[in-house]
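Novice: Chains G and X are the protein sequences, given in the same order.
Just so we're aligned: 96 in the numbering used here is position 77 of the first sequence, and the numbers increase by one with no gaps anywhere.
Just so we're aligned: 360 in the numbering used here is position 232 of the second sequence, and the numbers increase by one with no gaps anywhere.
Just so you know, the hints here were simulated from the structure itself, not pulled from any lab data.
A virtual CB, placed ideally from N, CA and C, is assigned to each residue, including glycine.
Please note: incorrect hints may appear among the correct ones.
[Unchecked claim] Just so you have them, the derived chain G footprint on chain X, three or more residues with Cβ under 8 angstroms:
#	stretch
1	247-260
2	280-288
[Stated by the list, open to error] Computed far set for chain G versus chain X, every beta-carbon distance over 10 angstroms:
#	residue
3	Ser51
4	Thr53
5	Gly62
6	Leu119
7	Glu156
8	Glu199
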Amino acid sequence: MSGQERVPRPAHLVEAVLLVSASPIGASDLRSATGLSEQDLVGALTDLRERYDPEASGIVLREVAGGYLLSTNPSCSPAIERFRQEARPAPLSGAAHEVLACALYLGPLTRGAVSRVRGVNSDAVIRSLIERNLLVEVGADHDAPGSPALLGVTDEFLAATGASSRKDFPPVDSLVTQEELARVRERLASSVTTPPDAGSESS
Amino acid sequence: MTFEPLGRSLSDFTVELDVYSGPYEWLLALILKDELEIFEVPLRELVESYLLARHPDAANALERDTDFAGSAAALILLKSRTLSPAIDADTEGIEDEPLSPEELAERLTEYLKVRRAAEHLKDRLAQNVGHYVSAHTIAPRQGSLGIEPDRVSLAARQAFSRLIEPPVRHLGPITVTLQELAGIILTAIAGGAISYESLTSDMDRLNRAVAFAAALSLAQDGSLTLTQAEPLGPLTLEPAR
């Protein structure tokens, strides 16, 4: 047994730090914790990506929410849920997806603005999303009466969608085709020009 | 929002939804106790489940259908109230300016984009489900416990936010005070015991409730005695012994 302490490789250091974190760690925090140079960190992360390839490991390395995160391979999730004796969280409702889309693409915006876009009151959905840590109050609209809170998406939301940042999402305009938009305008134009209940007027 | 007590005709009806799986009656109870958000419950799926489970030839089919229709209608009302924009007392009754066709087209276009973005998010969330992270929780270091103003503000909002007052317009005006009703009760029992039913037979619901409160108050003062021979049995008001 030698008295000399083994010097861990850069990948081992990064791996160890990532293992004990439940949230993504940014590159600067990883460098700070491990004392590695930027070049060594890049090399270590390359090693870890190979080691934690989803095809070869029960643990995967994810680049989400502006950082790096070790998490379990989704293919192993049934075993984990049995072990933890807990069910997978219920999927979000359509209303919740719409509110998140508002916050992601139009945000930060107030509760009232979300309700205006959707055309229905969204307070209850927003409350539920805040409780699930997918939405957060990021500031206040000081120009509006009462300075209502502004809502934005959280890092947990980015991690849940596998996104590194908001830029990872496609532009909202690319999600709607010009044909769809044209159909909306066409239907609207026909409903505006057609007099309601034409001919049913009593004299 | 209140539900009339359900019969037990639906006791064997169970539902399988994304957000809940189990007896229908428990689903109603969870919604009423705010354990489950009504907006998360897909009512169309609920109705479809009932139609699939329905036995038209059963002896109590009519009773089951009636109970389900009643409770489903209440759920629709509750959900629509939850989704409706809150009415501002200052602007209630004032019609919004109708949108111009251009503004309407703009609003619909924006909503269409949000709908498509929501569908995209749904797919992304589904693709990324099942990632579990380390269960290791790092203990906060002493001296580094910071107070985040945003979180304090959020906690304060939640603690002090006032729920919207429930509408009471349906209750009608109060035509008699508690003191007046106490006087009526004392006069009525002067001649001997009288049942609560006969005392309040010509009163509306609100006055009956106030009369009950007055009777309780008098009983507490020792001015009369309330007797009820059996649970939920007739209530009798007697002069204090």
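Novice: None of the hints should be skipped; say for each whether it holds.
Specialist: Now for the hints, and whether the structure bears them out:
1. Check on the stretch 247-260 of chain X: 13 of its residues sit with their Cβ under 8 angstroms from a Cβ of chain G, so the three-residue criterion for coverage holds.
2. With 3 residues having a Cβ less than 8 angstroms from any Cβ of chain G, the stretch 280-288 of chain X passes the three-residue criterion, so the hint holds.
3. Against the 10 angstroms criterion, Ser51(G) stays outside the reach of chain X, whose nearest CB is about 14 angstroms from its own CB.
4. Annotated as non-interface, Thr53(G) keeps its C-beta farther than 10 angstroms from every C-beta of chain X; the closest such distance is 16 angstroms.
5. Every Cβ of chain X is farther than 10 angstroms from the Cβ of Gly62(G); the closest lies at roughly 23 angstroms, confirming the non-interface assignment.
6. Here Leu119(G) does not stay apart from chain X, with its beta-carbon only about 6 angstroms from theirs, under the 10 angstroms limit.
7. Interface exclusion of Glu156(G) from chain X breaks down, the closest Cβ pair being 5 angstroms apart, not more than 10 angstroms.
8. Listed as a non-interface residue, Glu199(G) fails to keep its Cβ farther than 10 angstroms from every Cβ of chain X; the least gap is roughly 6 angstroms.
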